[in-house]
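Let chain E serve as the given structure and place chains F and A on it in line with the hints.
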Amino acid sequence: MERVILAKRSRHGKAGLLFVAPFMVVFILTLVVPLVYSGYLSFFRNRLVGGVSFVGTKNYIQAFHDHAFWSGLERVVGFFFIQVPFMLAAALIFALVIDSGKLRFPKVIRILIFIPYAVPAVIAAIMWGYLYGPNFGLLSQISRYLHTPSIHFLNGWMTLPSIANIVTWEYVGYNMIIMYAALKSFSTDLYEAASMDGANGFQLAWHIKIPQLRPAIFLCLIFSVIGSFQLFTEPYQMTPLSPAALNNSFTPNIYAYDEAFVSQNINYAATISFMLGFAVLIAASFVGLVSRQSRKRAINV
Amino acid sequence: MAASLLCVGISLQPASAASSVTASDFAKAMNTPTTLTYWTWVPGLNKAIALFEKRYPKIKVNAINVGQGGPHYQKLRVGATSGKGLPDLAQIEFQYVPAFTQIGLLLDIAPYVSKTFKTKFEAWTISQVSGPKGQIYGVPQDTGPMGMLYRKDIFDKYGIAVPKTWADFAAAAAKLHAADPTVYLANFGPNEADVATSFGWQAGARPFKSLGNNSYKINVDDPVAQKIAKYWAGLVSAGTVSTDPAWNNDWFAGFDKGKYATWLTGAWGPLFLAGQAKDTAGLWRAAPLPQWSAGQSVSGNRGGSSTAVIKGTKNPIAAATFAEFLNSDPIATPLLSQAPQLLFPASSAALHAPAFLNAKVAFFGGQQANKVFVAINKTVAKDFAWSPFTDQVYQEWQNDVGVAITGKTDVVAALATEQGNILKYALDQGFTVSK
Amino acid sequence: MLCCTAYFLLPLIWLFITTTKDTTGIYSSFGLWFTKVNHLFANVKEVFSLDDGLYVHWMVNTTIYAVVGATGAALIATAAGYGFSKYDFGLKKPLFGVVLGSVMIPMTALAIPTFLVFSKIHLVNTRWAIILPSLISPIGVYLMRVYSDTAVSQNLLEAARIDGLGELRIFFSISLRLLMPGFITVVLLSIVSIWNNYFLPLIMLNSPNLQPLTVGLSGWAQSSISGASGGDSSIQAAVITGSAISLIPLIIVFLILQRFWENGLSAGSNKE
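Chains as they are written, first to last, in numbering that gives the first Met the number 0: chain E, 0 to 300; chain F, 0 to 434; chain A, 0 to 271.
Hint data in this document are derived by calculation from the structure and do not stem from the laboratory. Don't be surprised by glycine CBs; every beta carbon is placed ideally from N, CA and C. Certain hints may be false.
[Claimed, not checked] Computed footprint of chain E on chain F, listed as stretches where at least three residues anywhere in the stretch have a Cβ under 8 angstroms from a Cβ of chain E:
{"#": "1", "segment": "71–81"}
{"#": "2", "segment": "234–248"}
{"#": "3", "segment": "252–260"}
{"#": "4", "segment": "275–286"}
{"#": "5", "segment": "377–391"}
{"#": "6", "segment": "397–405"}
Okay, chain E solo, but in the shape it has when bound (with noise of 0.2 angstroms):
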């Protein structure tokens, strides 16, 4: 039965192209073709004085030098252990404390940490840019009125934490929801078991629930280390509050758009997002490796 399926598949095979088609062509002219022809300028030149010219790997090697570019990628790799550890720990909180029943109208408070991803994030860099302001901000009010030191927010050392709130703020509902879908849909026998042998709400979280949801908190992981790479509406937004902070190369992004539209340095630029592009492939690559690794692990235990 299994081969006479299969074989009926495979006569209506030429058919599957065609359903795919649509999507190959769009996919080809806006991320294929931009890719290579990023990478053909990436080996071109073009100067105020001189236009054009082939410069081969020179662009690749400048950047390997580039202390902008490094210091920008350290740093979203850095947003990224800072951000996303705690915003994924809030957000498997909240999710099991909502699927736990302990909760008064949890649908209420699902829906409400939810809400924040319908913010486009240009509006919430403005929202918390106005209670981050240190002379009349919201925040500072605050700090004022009870007599503490108002902290500034964007100034040295607490500027990353301080974006990495404002994207924690935005995300965490997203994700929450991803773990909350994934709880729902695990079965409650096992739950029913372990309640009768004596275990508590924690202990039920902690040995059942938690390790069910790796699957999820891997793509959770996923789609945060795509995202902190990526980091520029955020800090672009705010770069007026303070300028000296949030630098020209603050992330690989926002060096790519300065070099583009700032220093006219559009081959550069490519060179640059081509270069943020291979380290994203590397840490989602990484990180896809060690949750593969640790199925595995849990499978052979």
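What follows is chains F and A alone, placed relative to chain E:
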């Protein structure tokens, strides 16, 4: 009715014979229905535009604000790269004219403007928009002679005399801040590259000199620049000036709440304060900048713009005519010097019109502030030149020197770094450089 | 738990309260309470009249980009996912691998190259410049493949073929209906990513008339701090009120469709 018909008849001739446009070319151009897009951040131009459209009914002008400064220029560059989405006219500040002629975006309007064009504007503004072969890349609109706007009420309250020298200024800063720790005599933001440049202009610095043929002398860390950097670093270290980044809501709130007692800026300062620090209108007065030597009388310029025509416009004659009209028409141009623009005109006629000179400006509590600035304008040195990559220079200053001054680190070393990086950038871009 | 929820609402509460203040009020009053005079009506009027009603253009644009983009994206992602799921063809494995791999490519890293390509083919500063890139949703393809595996059985297809229906006919009249919940999930995912879109429209669109709300409001925000607002117009209040107004339809759509969201996501996250 008959009079306006007569006007229509007369308007089919150029206002004063253009350099190389024939009367029939002009008539044809001004009678072709055209909509001109004008990117500018100067608000409230509708009255002036209406006067132009009345004279030339077939030409419509759309003034659009696409951002001020950086974002505006970035959009122009994006348009230059893609060849699409460009306006017909754009506001270009003087310090960016070389940058945009370098990429060939500005149309040479010398063939289209009137024969008396050069006599209509202050001489130094003409040199700011001129090319080496007599090209004209923009119509000067306004200037920003640097002065000191100060809060009379705060000065009176703490017994501060109006400082005449930079030494006086430093002393006054200390006195004021000691009397009231929530008030500063001035603010020096880490992103105020253009202010630092204007201070240099006043003190005799000439960082860029074009030698023709894409060759430049570059000297951003000369002794004058070092003197200025050390001066402000000193005030920052003493804690007598604040270092809030400029041009954001928080900074405007500072003005509104009386955190800053002076603003060292161009004559266009009131334009911004009027909108963002409404509570302080009437409390400000205008005075010349403090001087480096007692008895001197020199200033620099900060900002000021021209109206440029963008290459690729479909009706260059109409565009150039509008640009010239907006900035030199006896009725339209003075409108720009009133609220809400309060522009300091580049047009000589507007500058010396008695109504303008003697106006008692409400924002300055009735002081004849224009007279003060017209006098300052005469003391602005005429030979200051810009690089063709001002964006890059300002950014470099901010990254190196701005950070050093406000972060209390070695400013001389920072200046040297800035010089090195700018030289490298210029060489990378194919320019020939020397010191 | 209550504290945490308050944290998520704080900026939004601040935002909506501030829509009732004018620029001076923003500076001088306490963020979480009102001023004596209610400027809400004046602010709303300002938002819709500023720059000759540019805000309305932005709303229309955002709607067009979101609806056309999301529906288009969901349609071609569903078709592709269905194709991968129900058919065998030579290039199937490598193509799907490429699609999956592309999830890792940061979209913003592609924005500048896409801008350059589109410049060459004169698509810059047009609506297509935004819609075309938003039509590809590799995650959507993955989700729809997984969904098709379970929602549309092979036997159903065989029965339809025996009845003489062509493949396309089968897809549109039978399969699509079965795939609807997944389809809606992809629509939702795409809508959020499109209305959040900032970097790409920022570069692609020079004419303010074509911009979406994100770019437009950001531009106003930048103008407000540059002081170009001059004497009368209070752009800051417009930025705040405009932001608040733009959130209302987003939040409503969100709340209505979020149930589909969870159902769709649970299909995807368990198939690792």
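| message | Quick check: do three or more residues in the segment 252–260 of chain F have a beta carbon closer than 8 angstroms to a beta carbon of chain E? | response | holds (count 4)
| query | Counting residues of the segment 71–81 of chain F whose CB is closer than 8 angstroms to a CB in chain E, do you get three or more? | reply | holds (count 4)
| field | Coverage assertion for the segment 397–405 of chain F with respect to chain E, Cβ distance below 8 angstroms, three residues required | value | holds (count 5)
| said: Can you tell me if the segment 275–286 of chain F counts as covered by chain E, using C-beta to C-beta distances under 8 angstroms and a minimum of three residues? | reply: That given contact is violated, which follows from only 0 residues of the segment 275–286 of chain F lying within Cβ reach (below 8 angstroms) of chain E.
| task | Please count how many residues of the segment 377–391 of chain F have a CB within 8 angstroms of a CB from chain E and say whether that reaches 3. | result | This one holds; 4 residues, not fewer than the three required, reach chain E with a Cβ under 8 angstroms.
| request: Count residues of the segment 234–248 of chain F with a Cβ under 8 angstroms from any Cβ of chain E, then say if the count reaches three. | output: It holds, with 5 qualifying residues against the three required.
Of the numbered hints stated above, the single one contradicted by the structure is hint 4.
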